[in-house]
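Asker: All chains, please: the whole structure from these sequences, using the hints.
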Amino acid sequence: MAIMPYTEDHALVQPWLRMPATAAEVYTRGEALTLASGAVTKQSGANKPQYLSMSETVDEDSQLHASYISDDAIFIGELSADDATLAVGSKLNLDDTGTKFVSDASGTVAVVEKVLGTKAGDKVLVRFIK
705 MAIMPYTEDH
715 ALVQPWLRMP
725 ATAAEVYTRG
735 EALTLASGAV
745 TKQSGANKPQ
755 YLSMSETVDE
765 DSQLHASYIS
775 DDAIFIGELS
785 ADDATLAVGS
795 KLNLDDTGTK
805 FVSDASGTVA
815 VVEKVLGTKA
825 GDKVLVRFIK
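Count along the sequence shown from 1, add 704, and you get the number used in the numbering used here.
Bear in mind the hints are in silico, worked out from the structure with no lab data behind them.
Hints are not guaranteed to be accurate.
Claimed, not checked - DSBU-like mimics (lysine-lysine), calculated; alpha carbons at most 30 angstroms apart, straight line: (1) Lys834 / Lys823; (2) Lys834 / Lys752; (3) Lys823 / Lys752; (4) Lys827 / Lys795; (5) Lys834 / Lys795; (6) Lys752 / Lys827; (7) Lys834 / Lys818; (8) Lys818 / Lys752; (9) Lys795 / Lys752; (10) Lys823 / Lys795; (11) Lys795 / Lys818.
As the list claims (entries may be wrong) - Label-pair distances were calculated between CB atoms; the ranges are: (12) Asp765 / Gly821: 38 to 48 angstroms; (13) Arg722 / Ala809: 29 to 39 angstroms; (14) Ala743 / Pro719: 18 to 28 angstroms; (15) Gly749 / Gly825: 33 to 43 angstroms; (16) Glu764 / Leu739: 35 to 45 angstroms; (17) Pro719 / Ser741: 15 to 25 angstroms; (18) Gly793 / Ser766: 21 to 31 angstroms; (19) Leu721 / Lys834: 16 to 26 angstroms.
Note that beta-carbon positions come from the ideal geometry of N, C-alpha and C, so glycine has one too.
Answerer: Structure representation (structure tokens):
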């Protein structure tokens, strides 16, 4: 499992968008994306993504289905490594794949809303930092 929308603060659901894909890039559903040079590309590390990939397939018009990352949404994702100290309020960054979270005391990407486990592969509920 990668990063996926979990709930919104309001009753609205974020629409899926058709975003221009980067040539020859392989996408994963739930992968963090950012817009660069007019096309979406993988986002990892300490930079907040703008979109999540909702598909692994680029269509015939070189477009990828993606969802906007709203400040009003909580997302569910996996930890890429064990972290026994993880707690509500802990800060996280994205791992190198852009599909999981890593604990980082100076994290700038997401804040933990609920811990569902502390081992690699366990789930956390997060809100992306504004």
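Asker: If I claimed the Cβ atoms of Pro719 and Ser741 lie 15 to 25 angstroms apart, would that claim hold in this structure?
Answerer: holds (24 angstroms)
Asker: Could you grab the alpha-carbon distance between Lys823 and Lys795 and see if it respects the 30 angstroms cut-off?
Answerer: Judged against 30 angstroms, a Cα distance of about 16 angstroms means the pair holds.
Asker: Has the hinted range 33 to 43 angstroms been met by the Cβ atoms of Gly749 and Gly825?
Answerer: Given range 33 to 43 angstroms: violated, Cβ gap about 20 angstroms.
Asker: Taking 30 angstroms as the top limit, are the C-alpha atoms of Lys834 and Lys823 close enough?
Answerer: Status holds; Cα separation ~27 angstroms.
Asker: Hey, Lys827 versus Lys795, does the alpha-carbon distance stay inside 30 angstroms?
Answerer: With a Cα-Cα distance of about 15 angstroms, the restraint between Lys827 and Lys795 holds, given a limit of 30 angstroms.
Asker: Measure nothing beyond the straight line between the CA atoms of Lys834 and Lys795; if it is 30 angstroms or shorter, mark the hint as holding.
Answerer: Given that 30 angstroms is the threshold and the Cα spacing comes to 13 angstroms, the pair holds.
Asker: Check whether the Cα positions of Lys795 and Lys818 lie no farther apart than 30 angstroms.
Answerer: holds (12 angstroms)
Asker: Between the alpha carbons of Lys752 and Lys827, is the straight-line distance 30 angstroms or under?
Answerer: Since the Cα atoms of Lys752 and Lys827 sit roughly 19 angstroms apart, the hinted pair holds (cutoff 30 angstroms).
Asker: With respect to the beta-carbon atoms only, verify the hint that Asp765 and Gly821 lie 38 to 48 angstroms apart.
Answerer: holds (40 angstroms)
Asker: Is it true that the C-beta distance of Arg722 to Ala809 lies inside 29 to 39 angstroms, as the hint says?
Answerer: holds (38 angstroms)
Asker: Given the proposed pairing of Lys834 with Lys818, does the C-alpha separation stay at or below 30 angstroms?
Answerer: With a Cα-Cα distance of about 18 angstroms, the restraint between Lys834 and Lys818 holds, given a limit of 30 angstroms.
Asker: Using the C-beta atoms of Ala743 and Pro719, is the stated range 18 to 28 angstroms upheld?
Answerer: Given range 18 to 28 angstroms: holds, Cβ gap about 19 angstroms.
Consistency with the previously given hints fails for numbers 15, 16, 18, ordered from lowest to highest.
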